[in-house]
Amino acid sequence: MKILLTGAAGFIGAATTERLLAQGHEVVGLDNLNEYYDVALKHARLERLKRHAAFRFVKLDLADAAGVAALFAQERFPRVVHLAAQAGVRYSLENPQAYIDSNITGTINVLEGCRRTAVQHLVYASTSSVYGANTNMPFSVHRGVDHPLSLYASTKRANELMAHNYAALFALPTTGLRFFTVYGPWGRPDMALFLFTRNILEGKPIDVFNNGHHQRDFTYVDDIAEGVVRAVERVAQPNPAWDAKAPDPASSFAPFRLYNIGNNSPVQLLRYIEVIEEALGRKAVKNFLPLQPGDVPETSADIDDLVRDVGYRPATPVEVGVRRFVDWYCDYYGHRR
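Residue numbers 313 to 649, in the working numbering, belong to the letters of the sequence shown in order.
Worth double-checking, as some hints may not be accurate.
Label pairs and their in silico Cβ distance ranges [as the list claims (entries may be wrong)]:
#, residue 1, residue 2, range
1, V597, L345, 33 to 39 Å
2, H454, A378, 37 to 43 Å
3, V547, L345, 38 to 44 Å
4, R583, K557, 40 to 46 Å
5, D376, L582, 40 to 46 Å
Pairs of lysine-lysine residues, derived as DSS-like cross-links and limited to a Cα-Cα distance of at most 25 Å, are as follows [as the list claims (entries may be wrong)]:
#, residue 1, residue 2
6, K314, K362
7, K314, K371
8, K516, K595
9, K516, K598
Derived by calculation from the structure, the hints in this document are not laboratory data. Remember, predicted model here, so these are calculated numbers, not experimental data. From the three backbone atoms N, C-alpha and C, an ideal C-beta is built for every residue, glycine too.
Work out the full structure: start from the sequences and follow the hints.
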């Protein structure tokens, strides 16, 4: 079928587009190619996608309501995968307006496009950051998430609430996917794996926040992409057992669902760094620092619902995923180990 994928030049967007194309779908990839990080990397991802005859690229900012409405009206997409967003916890402290424009305004324009053209299913990206101050591990979609610690997390939680609104009022099937610390080849330059690898290769210290006591449910990008593709195929349905007197946050009387996508195997940050060192054959010089504002000390995903409903369990260990990233990085940037 024909699928709109927003954020197609992004890290997760490009990987998911590749998977959809491999399954024989036609993909219209949308991106505004903003300068949050190296635009050349985004163009390089797009060049790989443009090798496929079934891929078309549209440069468009989702905050452009008229442009988004016209695209939906012209194309009449059966399904939409909304991955475009202003990402990053720390950048939200510097430029909060970017998160409102992209994550709030952009998402309402996508929801309106879906509603007005009778899209059969909207799958959209959320984040483990919505769990915020919650320390009840593993994080479950069946518990409340009302204490976000960053504006980024707040906007992504708002996306979930907006999606429920459209599912309830307009019977638009929506599935939200909370991604857990995604890493892998073609990753974002602002993320830890990229920064650590670059600095170690250049002989520079790496900043290790929370004095290395972080624990993360690191999830390989191809596992995330596979989860997204499988969720697209499974159109959200109302939960017949949903009880308004004891409401389940992960489902509804409306066609609305939330799932975690995580590796379900948290790794200590210092172990993660060891794996990078092993792949590079070099030791890191560590600069230990306190916890950053807006960050959470650990994440762990309860994926029981994903396994039960979507039939998928991410499984790539960090030892495999990190080596694949390092191989890609050294090849792409011409580094010798």
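Right, here's what the structure says about each hint:
no. : hint                     : result
1   : V597 to L345: 33 to 39 Å : holds (35 Å)
2   : H454 to A378: 37 to 43 Å : holds (39 Å)
3   : V547 to L345: 38 to 44 Å : violated (31 Å)
4   : R583 to K557: 40 to 46 Å : holds (44 Å)
5   : D376 to L582: 40 to 46 Å : holds (44 Å)
6   : K314 to K362             : holds (16 Å)
7   : K314 to K371             : holds (18 Å)
8   : K516 to K595             : holds (11 Å)
9   : K516 to K598             : holds (9 Å)
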